[in-house]
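Q: Following the hints, put chains P and F in place on chain W, whose structure we already have.
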Amino acid sequence: MSPQADTHPPSPDTVDSEIGEAIHALASEIYPICRSITGAGVRQTLDILARHIDLRRVEIPTGNRLFDWTVPKEWNIREAWIKDASGHRIVDFAENNLHVVNYSAPIHATVGLDELKQHVHTLPQQPDLIPYRTSYYAETWGFCMAHRQFEALPDGPYEVRVDAELSDGHLTYGEYLHRGESEREFLLSAHICHPSLANDNCSGLALLTLLAQELSRRSTRLSYRFIFAPGTIGALAWLHGNETAAARIDHGLIVSCVGDGGGPTYKRSRQGDAFIDRAMACLLRDSQPRGRVLDFFPYGYDERQYCSPGFNLPVGLFQRSLFGTFREYHTSADNLSFIRPRYLGESYHLVRQAIEIAEGNWTPLSLCPMGEPQLGRRGLYAATGGRKTGQATMALLWVLNLADGRHSLLAMAERSGLPYAEIADAARRLHDNGLLGTVSDQTADRPAPEG
Amino acid sequence: MSPQADTHPPSPDTVDSEIGEAIHALASEIYPICRSITGAGVRQTLDILARHIDLRRVEIPTGNRLFDWTVPKEWNIREAWIKDASGHRIVDFAENNLHVVNYSAPIHATVGLDELKQHVHTLPQQPDLIPYRTSYYAETWGFCMAHRQFEALPDGPYEVRVDAELSDGHLTYGEYLHRGESEREFLLSAHICHPSLANDNCSGLALLTLLAQELSRRSTRLSYRFIFAPGTIGALAWLHGNETAAARIDHGLIVSCVGDGGGPTYKRSRQGDAFIDRAMACLLRDSQPRGRVLDFFPYGYDERQYCSPGFNLPVGLFQRSLFGTFREYHTSADNLSFIRPRYLGESYHLVRQAIEIAEGNWTPLSLCPMGEPQLGRRGLYAATGGRKTGQATMALLWVLNLADGRHSLLAMAERSGLPYAEIADAARRLHDNGLLGTVSDQTADRPAPEG
Amino acid sequence: MSPQADTHPPSPDTVDSEIGEAIHALASEIYPICRSITGAGVRQTLDILARHIDLRRVEIPTGNRLFDWTVPKEWNIREAWIKDASGHRIVDFAENNLHVVNYSAPIHATVGLDELKQHVHTLPQQPDLIPYRTSYYAETWGFCMAHRQFEALPDGPYEVRVDAELSDGHLTYGEYLHRGESEREFLLSAHICHPSLANDNCSGLALLTLLAQELSRRSTRLSYRFIFAPGTIGALAWLHGNETAAARIDHGLIVSCVGDGGGPTYKRSRQGDAFIDRAMACLLRDSQPRGRVLDFFPYGYDERQYCSPGFNLPVGLFQRSLFGTFREYHTSADNLSFIRPRYLGESYHLVRQAIEIAEGNWTPLSLCPMGEPQLGRRGLYAATGGRKTGQATMALLWVLNLADGRHSLLAMAERSGLPYAEIADAARRLHDNGLLGTVSDQTADRPAPEG
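Chains as they are written, first to last, in my numbering: chain W, 1 to 451; chain P, 1 to 451; chain F, 1 to 451.
Careful, some of the hints might be misleading.
Computed cross-link-like contacts, BS3-like style, restricted to lysine-lysine with a CA-CA straight-line distance of at most 25 Å [what the hints assert, rightly or not]:
| id | chain 1 | residue 1 | chain 2 | residue 2 |
| --- | --- | --- | --- | --- |
| 1 | F | Lys117 | W | Lys388 |
| 2 | F | Lys83 | F | Lys117 |
| 3 | P | Lys388 | W | Lys117 |
| 4 | P | Lys117 | P | Lys83 |
| 5 | F | Lys117 | P | Lys117 |
Everything labelled a hint here was simulated from the structure, so no lab data went into it.
Since this is a predicted model, take the numbers as computed values, not measurements.
Chain W with its partners taken away, still in its complex shape:
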């Protein structure tokens, strides 16, 4: 690539506030929909996202084999409630779609309290919240409710109804490919299977949609593939149908829970030191607050599939708070007031910076390697000596010192401890002053070790 490309990002503050509001608005739009791993909720959500980007919808019939899995029946639900003896609806799917176990089998029966209890999930430690529970692959019916309400229930009888259908249909996912100069790809994926949970993962769906929209308006070096698919089965569907495209993935990020005030958090890919792992570690080292980088572990979101041993792709997970570590996780408290425009904006900015690194990383070669060049006569060094040196000057010195053709800008940022953007800016200034040439495009490669 041409090192003249300005890799200097626009001011984060401006980016963050505007985009953060826009992400929150889109997340709010899709929040009320009852999604599951199949069914109308996924399609409704994709319809909304498709107002922003030219989304391709993929439908795979029930019964199709996806590696070790089979596409399940399609689940669609109309209503669900529990009525007490007086006919009063004590829980109602219409009020909160978490009240029904996701993928619940249909039921219409009158049951006593004891039988009801075997089908009700609560959170004794958080007695006012409704839990989120699923039962995709074991056919059963069930409800979720606040523990406090549950404990006060009289003996019954209760009329329970889940007006749902499990029938042959399709698995649905959405895909958007932004083509760049190169066929090599950067994968960005968010799961679309959770019902009304704002952080997990309306936030990720909305962030990636608006990011795809921004990329669609610019030219890029790499191609960017966005996937909005149900967790596990959706990722397997994409992988099963796209083994060739999978082999073109140089970098990947799973994006979820990006709207809360924790973190930021990055979980490395199984490879552990892939380019995306290094880029994210560098960005989170310099973020405010400093982020947390975790080693890969085989539990979480769709990085589980992309990082399975047969694929072993360089795909990491980006979040604010790590899943399972915040009290709102998988409860009715993961609502629209839990996610904030500010944090959504910061998350957007971090993902965008990772893209900037993947796009803009290059390996400078000093044209003046014997001793330092005289920066002063080029206006790149303070005229008065004896004082302390600022970060911008340090970045110039680091880039020159490491411009031996074996250090990419990312490697320089890693070794110097300076932010990538500062290093990239220094390299551009030095290149503009005729002090740096390029070795070759080394974006996705590790720099060779020092000889």
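A: Chains P and F in isolation, oriented as in the chain W frame:
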């Protein structure tokens, strides 16, 4: 090896208490004997151990060369005492064999207090304890006594007598080989040269004897060689006579001081990352309490000889408290009440687990590497989603994720942070469900690095 | 080299106090001179140093190209002052040469307070100190003074005079080469361009001069090149004229600020694990107080030039306090009372120890590698067993254990945690006792990794 072999150990609690009592009983039996690096004490001890295992006794004549060393004269002692002016025995070997310097030359003389003092060892910091002292290779006579008693001694004269003999004879050691399917060996060694010191090393002798007895009743893959030999000279005698056998040693543990309440402690072999080093580090990471792993240093027990540069064998040292770090060390306080059945049992369990790893480690290969297999329909995954995941499920996910043919079970335990036994159990369940195959037997090898 | 060479250094205490006084005396002699990057001050200083060693003076004409740089005009100053309205000299170069901006252009004018302020530098945070400021490559005039005095200045007018000359002349540096058996070189360099600053760098100039004097009286294996040159431009001048000699540099130390009570500090070369980096890290690990080792960064003294990517020489920086981190740095408080004979002596001792390692490091090969040799019969081991072992015995055991032909003495000191001098002494004793042979001279090489 066949991965069907159940590597799941029996419940530690049951193992520990029974075997701990048995080890303590055997240690108590050999405790009173006055051992040294040669002589009748060693033979008497071996006689007792031979009631449990078919021990081979090796005798090497005085004067034989063992590398840089020469087999010394055989030392045998009948009695030793100091009498005061009134003929009262103020110290008596018959009461505690630590009272005489081990290998003391014979003496029978009447001496003044000043001369006596030059031959008496005490511990001013621990005035009530008798120290343990030796003088193997400098011929002199001497006594050890409590400092408090020593300070109260009147002027004398004193009659001193060491009725001992230093004469041509033999160096004696015991050896037991349990043959397995393979000629490759696991060495287990305890020193037999210390007199009445319970932890150092009646505990090690008793533990290894009962472990040998247990192994003698089962089939193993590896062969197990047990050596009960005097420190330094005994190890050199074995190495000198067994250079071929030494080359077959894949793993080795020196076992001493395994009955106190400290540690557990493992000191790495000189190689530092041998299979035994990795296995012990993994076990002590997960032990209760968590153990301490030390880098090799060339002072201690017979790992000094096995890890000398000409042999450089993968032999580490296993202890509870590290030698020299507990106040009872090399004093009369290292007695039978200092060692406890509970700690002896835990030590036994840890050594046995190391053997299980050496026996049972294998390298799985996923038969379903593209994405995760569907564990749910095999009953290996919770039916209800949305909740936290337990350690047993995490072990299944880790094994599947790392089953790329480059990670042995031990490597999986290391990377996942899960106990080896949990990983081994998960691998067995996955194998039983047809999800794992085997690459080959890689027990003693490091897994190849990830490509 | 012959391992018989006694690498045991003389007692540090004796060395330190005598040499510390001598270094302080020489530093005091050169302290008053107004040095700059060119001019009479450099020559005067070299004249004084040349009383101790046979210094070669190199003069390079103004206008010569040195890589990206050009030799500037020569600067010489006779007097400089500011007079107030009453004709009183409020600052006078004759009193303290820091009062004039180093390399100030000539001026003789009458100016108001406002104009004067634009040419005066002060330290508001340290109002009683005069700062040190330079303007080498931007032609301007200027003064430095105490902020307290500056703030009390009335309106003026002021007569300002800098009677200086900027004219074609030469860049001057001094060089001394002590030839050893080998052509391979150890570079020792101190900057000579700072005016009356005692620590920075009269201390370094004086230390290296007396070290050169000491070396001139002995035979060495390596050759030692001492360079006394102006910062940056002087190092570039030497490198430009000596590319062949530069390729012979195996080890190098920049020496500055070696007289204060902080540190000691070592900043690694760009290579990071060069022999000199390992030697200095080992020495500072064991120094009293323990020193600090920093990774390379491209700001500081002439290691910037030696470690530029086109040279990438193994040259580190040795200091007491790191530059820029002590309050006296680049102020009039960096005077002769700030540097102390004791610290100068300790610094000398540390540099000398680094030389001892470069001279004396060798790779022993045990002649008795099968088990341990019997040290006791050679008088190298305590006759009475059972007690704790001292550091000297541990050094013997470590050397024997690592004498596999793959560990130099330095590698042994690193792995054992024992001081290099202790290891070297043990190796000598073992060699004298016929227990060690030599592999070959491996002074400058890393030991091969363990196979």
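Q: Could you tell me which of the numbered hints above are not met by this structure, giving the numbers in increasing order?
A: Violated hint (a single one): 5; every other hint is consistent with the structure.
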